[in-house]
Every structure is written in structure tokens, then in C-alpha cells.
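Heads up: the sequence lines are chains A and B, in that order. So for the first sequence, the working numbering puts the first residue at 1; every next one is plus one. So for the second sequence, the working numbering puts the first residue at 1; every next one is plus one.
Check each hint, because a few of them may be wrong.
[To be verified] In silico SDA-like cross-links for lysine to any residue, where the CA-CA straight-line distance does not exceed 20 Å:
| id | chain 1 | residue 1 | chain 2 | residue 2 |
| --- | --- | --- | --- | --- |
| 1 | B | 262 | A | 251 |
| 2 | B | 28 | B | 15 |
| 3 | B | 262 | A | 303 |
[Unchecked claim] Residues of chain B placed beyond 12 Å of chain A at every Cβ, according to the derived structure:
| id | residue |
| --- | --- |
| 4 | 11 |
| 5 | 211 |
| 6 | 369 |
| 7 | 392 |
Calculated from the structure, these hints are not laboratory results. Just so it is clear, CB atoms sit at the ideal spot from N, CA and C, and this is done for glycine as well.
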Amino acid sequence: MLSRTASSLYWIGRYIERAEFTTRLVEATIRLAALGGHAHVEQAWLSALSVVRAPPLSVSREGLGARRYLTLSEDNPSSIRSCIVAARDNARAARTALTREVWEAINRAWLMIHARASPGGVQGTLNLVEELKAELRGFEGALARMLRNEGYWFMRLGSMIERGDATARLLDVKYYLLLPEGQEVGGKLDRDQWTTILQIVSAKTAYRHVYREALRPWLVADMLILRRELPRSLAWTAEETVTLLGEFGARSGRQGPADRLARQRLSTLQGLEIGAIFRAGLHEWLHAYIRDNNAIGAAIANQFRFG
Amino acid sequence: MADGRAFDELWGKSRSRAARAGFQPLAKWLAETPPVELARRQHAAETAFRSLGITFSVYGDEQAAERIIPFDIVPRIFSAAEWERLSAGLEQRVRAINAFVDDVYGARRILADGIVPADIVLANPQYCIPVAGARPPHGVFAHICGIDLIRTGADDFYVLEDNCRTPSGVSYMIENRDAMLRLCPELFDIFPVRPVDSYPELLRETLYSVAPEGVSEPRCVLLTPGHHNSAFYEHSFLADNMGIELVEGRDLEVDDDIVWMKTIDGRVRVDVIYRRVDDAFLDPLVFRADSLLGVNGLMAAYLAGNVTLVNAPGTGIADDKAIYSYMPAIVRYYAGEEAKLPNVETWRCREPKDLRYTLDNLDKLVVKLVDGSGGYGMLVGPTASRKEIEEFRARLKAAPERYIAQPTLALSTVPTQCGDGLAPRHVDFRPFVLTGANGVTIVPGGLTRVALRKGSLVVNSSQGGGTKDSFVLAAAADAGAA
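Construct all of the structure, not just a fragment, from the sequences and the given hints.
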């Protein structure tokens with residue numbers, strides 16, 4: 001496979017994952033904002049903007065500016081539209097490595113959003129992200145039906161690196177809400193916030209299945225970081241990254257720095273429990289994790305000669 | 001040239017009274033399928049094309065950066081006998097084209113014998129001096145030709161243009177057929193239509209057959225200018241269906257006259273390049289230095305015989321419009337017989353007599369730039385305003401050698417969906433002719449382009465043209481097998 005094609009596939013994976021994460025972020029934030037008064041609305045959107053590292057934005061009553069920034073803005077390289085445009089550009093360039101089904105899923109999402117002028121009202125935005133989520137699920141389905149070869153592995157690697165980054169950032173922005181028991185937080189607002197976090201990673205019901213108890217902040221952190229059965233946890237993405245790199249290794253008989261870094265990260269995670277992370281400082285730990293994740297991304301690009 | 005007077009592919013000259021022999025079932029089908037149903041199917045086809053991304057970009061039209069070419073659901077049909085005649089003529093012509101190119105870059109016999117004036121060839125901007133004296137494997141230069149044909153009567157086919165460089169459109173032949181099979185399956189019960197889907201496989205065999213000598217398992221790639229090119233969909237479609245890599249210039253490098261492509265496992269040697277990049281952009285060291293699409297050193301690798309370029313550089317000399325008017329003589333010279341497919345009568349404005357005739361008849365003629373394409377820079381006399389004609393006259397007088405003139409022919413028509421029902425629209429036809437080490441192959445089909453505007457004779461997609469499927473029928477004897 002051409003190195004340029006590998007790069008396109010890897011970035012398709014990243015951009016689609018990023019777009020999908022943002023649809024869930026917008027959806028969960030709309031729900032959160034609906035729970036309280038005006039001040040609450042503003043706070044909810046400011047928090048969503050900080051998850052995607054947005055520059056300071058004033059947030060109006062219905063959060064229109066924030067909704068536009070997250071969904072359609074061309075000034076935001078990570079808006080849903082920017083991500084889908086970039087993914088489609090890469091998909092066009094790597095068209096021969098994609099199945100018709102994968103291409104069509106990306107193209108349909110693009111057809112839906114590329115000429116959209118405004119996110120509309122709150123309900124309009126909700127409808128937009130609902131429809132986009134359906135298209136992006138179509139992408140995931142099409143991916144699942146692909147031949148397991150380099151094309152598939154690169155797109156999946158891109159999603160895993162992106163997902164690790166997004167989940168870690170999400171936790172980091174909300175980390176002050178996740179302080180261990182004993183610190184006086186709680187109350188209605190915070191429980192709403194935790195629920196929002198779980199919604200963003202599609203794990204609201206899963207939480208009940210895993211823990212069978214009320215929402216506990218450290219358990220939310222435990223789930224998002226260490227639970228390998230949750231597909232958006234750091235543990236799962238770290239494990240999947242090792243597996244995917246292993247597929248390349250099995251085919252070519254060669255391994256490289258990316259394999260070593262990914263295995264190292266996984267074994268560190270496997271030896272951890274959530275208490276230790278909190279004692280070390282969740283914020284610091286997450287920052288280190290994001291740095292390592294970037295390093296693995298860079299090592300992958302180098303190893304496959306598209307860095 | 002007015003509608004109704006032109007020969008119709010379905011009705012002949014009967015003005016919609018009686019279908020031509022053998023085509024009655026199509027007339028019946030058109031009469032029995034409700035117009036809304038035809039419109040629905042056409043819409044479904046276009047939706048599918050858009051979702052597949054079968055788009056092209058129009059130069060100078062930023063707004064419509066990506067458009068689909070309109071598709072018309074009424075097919076154009078060739079009888080088995082018509083096709084047999086056409087394909088014999090196409091094979092003869094393409095063999096002559098390859099012999100001509102081989103000759104003008106080699107022995108130059110045809111120039112020495114005075115059949116074609118030497119200055120028209122050697123001083124032609126399309127004459128590629130760097131390849132003079134180089135002979136590609138098997139002496140094949142124009143591996144893929146798209147010969148544009150027009151029809152004016154039951155037995156009157158003419159060659160309008162020989163596209164011998166990087167002709168495009170073949171993906172539409174295949175995708176249009178795909179759409180027709182899905183949307184109008186009953187037509188394939190009515191007519192024994194010969195399939196076209198073997199084209200990618202035949203093209204692949206052609207590419208492999210012309211690999212440099214001694215290479216047993218050649219690696220072929222398709223070189224595209226990139227995904228912003230108007231024909232990119234076709235490039236990816238062909239690469240995908242042939243199972244070869246689709247590369248850009250930056251994916252290749254030349255080292256010691258050997259071409260390599262950069263892959264995730266390191267570099268891999270390349271033996272055959274089906275390039276859809278024009279000569280001028282192939283190698284900045286030899287041609288345009290500002291090309292970002294090419295590969296430094298590619299021509300050196302080609303001249304060293306280490307890589308085959310398909311089509312070979314320099315084939316533009318054969319489809320130059322100044323050379324076109326000599327094609328009947330060129331075919332006669334190499335084939336030893338008259339051309340089976342005639343040329344359209346052509347006046348060469350470089351010659352004073354022809355220029356005078358052209359200037360006197362601008363309102364009746366089509367005047368083209370010898371180095372123009374895509375319908376740009378041409379005058380269609382009968383539909384041009386007086387002002388346009390006078391402006392063109394000035395341009396023509398200033399540089400007569402840049403122009404040729406042809407009569408305005410009444411291109412045949414085919415019933416076509418037009419807003420409120422069916423109406424005759426003018427068409428042309430581009431079949432694709434492959435030449436490899438083992439001779440000439442023609443898939444029974446091609447691209448029918450249709451001018452969607454009433455009375456228009458300009459079928460180019462960049463000028464609002466559309467496409468149709470082109471059925472080639474199996475002979476009655478083997479109809480059962482088709």
C-alpha cells in the first residue's frame with residue numbers, strides 16, 4: 001500500500017471519529033442545557049467548547065454561537081462539517097482502498113452537511129446531529145464489513161488514536177467534578193454533569209450494568225479509563241491499538257517503535273487501579289496520557305512512512 | 001441541421017412514424033412506459049451517481065466544483081451489423097495511428113514520401129522531440145484511443161476526432177450500463193445487449209502485455225493528477241477494477257533510471273504506468289519545469305526502457321487537428337486500402353484557398369482551434385450571432401494556421417428526456433480502442449454523449465452535455481448466448 005494512501009486512511013479514521021465525538025458532545029450538551037436556567041445554558045456550552053479546546057466564544061441564550069462553532073463553522077477545523085469535509089477529501093484520494101459502502105457512508109454524510117447554512121434552532125441542531133449520527137453509524141457498519149487488511153487497520157488505528165485523545169480530554173475538562181468522595185461536591189448539577197459525560201461516551205446504561213450502583217464520580221473515571229469492556233475507554237483503545245499494530249506485524253513480519261510504545265502503554269494501564277491515578281493527580285495523569293497518545297500517533301506515521 | 005431533419009437513431013428519417021428495422025421494441029417500450037416512470041428511474045440513476053461520487057469538475061466554474069454529468073435513460077442502440085462495420089473501421093484507423101506515430105518518431109517514411117508535409121509534423125507543438133528515436137515495447141504508442149464518431153444517416157458515420165493522448169469517459173460506459181441494468185432490466189430481456197464490463201480486465205491485459213522486455217511479473221500503476229482533477233473518479237474506478245495502485249507523482253521516485261513507488265513497506269519497483277497526466281506535466285526535468293504532477297527523471301527511465309508509459313509520450317501528434325485532415329491519406333498509406341471510416345470534410349485555414357472559403361462561409365461552418373479541446377475556442381457558425389462571427393473572423397485572420405473549418409453536420413439524434421417528455425437531441429459516440437502486444441481489442445460499447453439543449457450540437461460535458469448508455473446488439477445467431 002502507498003504511504004500516502006495509508007496516511008489518508010488513518011486520517012479518515014481520525015476525522016470521522018472526531019466528527020462522531022462532536023455529534024455526541026452537542027447532543028449531550030443540548031440535554032444538559034435544557035435542565036436549567038439561562039446561566040446553566042451558558043455554563044453547559046462553555047464546558048462543551050472547552051472539551052474541543054475552542055478559543056473564547058461568547059455564548060448566547062440558546063447557545064447558537066457554540067452550536068454553530070461545533071457543527072458547521074469553517075473557522076473551526078474540528079467542527080463536524082470541517083471533519084466530514086476533510087474525511088471525504090481523504091476518502092476521494094484513497095478511494096481505491098475503500099469499499100463502495102465505506103465511501104458512500106462518508107459521501108452521504110458530506111451531502112447532508114456540506115451546504116447546510118445554519119444549525120437552526122435547538123431542535124434543528126438536535127435533528128441535524130441525530131441524522132449525522134445515523135450516517136456515521138453507517139460508516140462504522142460499512143467498516144465492520146470490510147476485508148481485514150491494511151485499509152481497515154489504518155482507519156481503525158486512526159479512530160483509536162483519536163478516541164483515546166477525545167476521551168482523555170473529556171475527562172480532563174470535567175476532572176474537577178470527579179474528585180473522590182469526601183470532597184464536598186454533589187447535588188443535582190453535578191449528577192447532571194456526570195450523566196452528560198456518560199452520554200458523550202454512549203455509556204449511560206452501561207454504567208448501571210458494570211457497577212450496579214448510583215453514580216459515583218470515581219467510578220465514572222474508572223469506567224472511562226480502566227474498563228476494557230467499554231469501547232470508548234482508554235483501556236479499550238490502548239488494547240485495540242496494540243491488536244491492530246499486531247496485525248501489521250503478523251503480515252509483514254516486522255515491528256517498530258509504534259508497537260513498542262503501544263505495548264508499553266497498555267501494560268502500564270493494566271497494572272493501574274483508579275485510586276492510584278487519583279492519588280497521583282488525575283489532571284496530571286491525563287495530560288501525560290494525551291502526550292503519550294500523540295507520541296504513538298507520530299510513531300505510527302513514521303513507521304509506515306507517512307510522517 | 002434543424003431538429004426533425006436529422007437522422008434519428010430510433011426513427012431514422014421517418015419523423016417518429018416508424019422505428020428503424022429491429023428497433024421497434026424500443027419504440028414500444030417508450031410508448032408503454034409512463035413518462036413519470038421514466039423520470040423516476042432517471043432520477044434514481046442520478047441519485048446513485050451522486051452518492052457514488054461520479055462527478056467531474058468544470059474548469060473556471062468554482063461554484064459547481066463537483067457536478068454529475070446528466071444521465072439520460074433512453075439508450076442509443078447499434079445493430080450487430082452496424083457495430084461490425086464500425087469496429088472494422090476503428091481497428092483499421094487505430095492501427096494506422098500507431099504505425100504513423102511509430103514512423104514519425106522513427107524512420108519518417110511518410111514524410112519522405114510526401115504524404116504529410118514534414119513541417120506540419122516536425123514543427124508541430126505536439127511533436128515530442130525528446131522521444132524521437134525511442135521505440136516503446138512492441139512499437140505500440142497509442143494503447144488507448146477514444147475515437148469520436150458522428151452519424152448523419154443510416155450508413156454515414158464519420159470520425160470527428162481521434163483522441164490518442166489520455167481519452168476519458170470509459171467509466172461512464174460501465175457505470176451507465178450498471179444503472180440501466182438496475183433500472184430498466186426489461187430492456188435487456190427485449191434486446192440481446194453485449195456486455196461491456198470486461199473493459200477493465202482487457203485494459204489490464206493490455207498494460208501487462210506492453211511491459212518492458214524481460215519483466216515477467218510487471219507491476220502496473222495508474223498515475224493520476226490527483227483528486228481535484230475532473231476525471232479523478234474515472235482514474236480511481238479503473239485502478240480499483242484492475243486491482244492496481246492509483247498513484248500521484250509524489251508517490252513515485254526515479255533512482256538510477258528506475259521508477260519506484262513509496263509504500264508502507266518501503267519502495268517497490270514500477271514497470272508500467274498508465275498515466276492520465278498530460279505529456280507536458282510528466283517530468284519537470286524534460287517538460288514543464290513548474291509541474292507538480294510529474295516525477296523527476298521519469299522520461300530518462302522511459303528512454304532507458306525501464307518503464308512503459310501508456311499512452312507513450314508524443315501521441316498527441318496523431319490527434320492534432322492539423323494532422324486530422326491528412327488521416328484518410330495516412331490510413332491509405334499504412335493500411336494499403338481506403339479508410340473504412342471517413343473523415344469529416346475539413347478546410348485547413350493555413351492554406352489560402354481553404355482560408356478564403358472559410359471566411360466566406362463562417363455562418364455555415366464549425367471553426368476549431370487546432371490545439372483546442374472540450375468545445376472551448378470554437379465557432380459554431382449557424383448558431384452564432386453576427387457579432388460573435390465578426391469577432392471570430394478577426395481572430396481567424398490574425399492566425400489562420402491555428403484553425404480548421406468543417407461543415408455543420410446534422411448529427412444524428414436520439415429520443416431524450418427533456419422536462420416535459422421525450423424530444424430528439426443530437427449525439428456523438430466515443431468507443432474505446434485498446435492496442436497491446438497482441439493486437440487491437442474493442443469492447444462492444446462506448447460513451448454516447450448527448451447535447452441536452454434543443455438544437456445544440458455541442459455534446460461536451462463541460463458545455464452542458466449529458467450521457468446515455470450505448471447498446472451494441474449481439475448478432476441474431478448468437479443472440480441466445482448474449
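Evaluation of the provided hints:
1. B:262 to A:251: holds (18 Å)
2. B:28 to B:15: holds (16 Å)
3. B:262 to A:303: holds (13 Å)
4. 11: Non-interface label stands for residue 11 of chain B: nearest chain A Cβ at 38 Å, farther than 12 Å.
5. 211: The claim stands: residue 211 of chain B keeps its Cβ more than 12 Å from every Cβ of chain A (closest is about 20 Å).
6. 369: Its Cβ never comes within 12 Å of chain A, the nearest being 32 Å, so this holds.
7. 392: holds (39 Å)
Hint violations for this structure: none, all hints satisfied.
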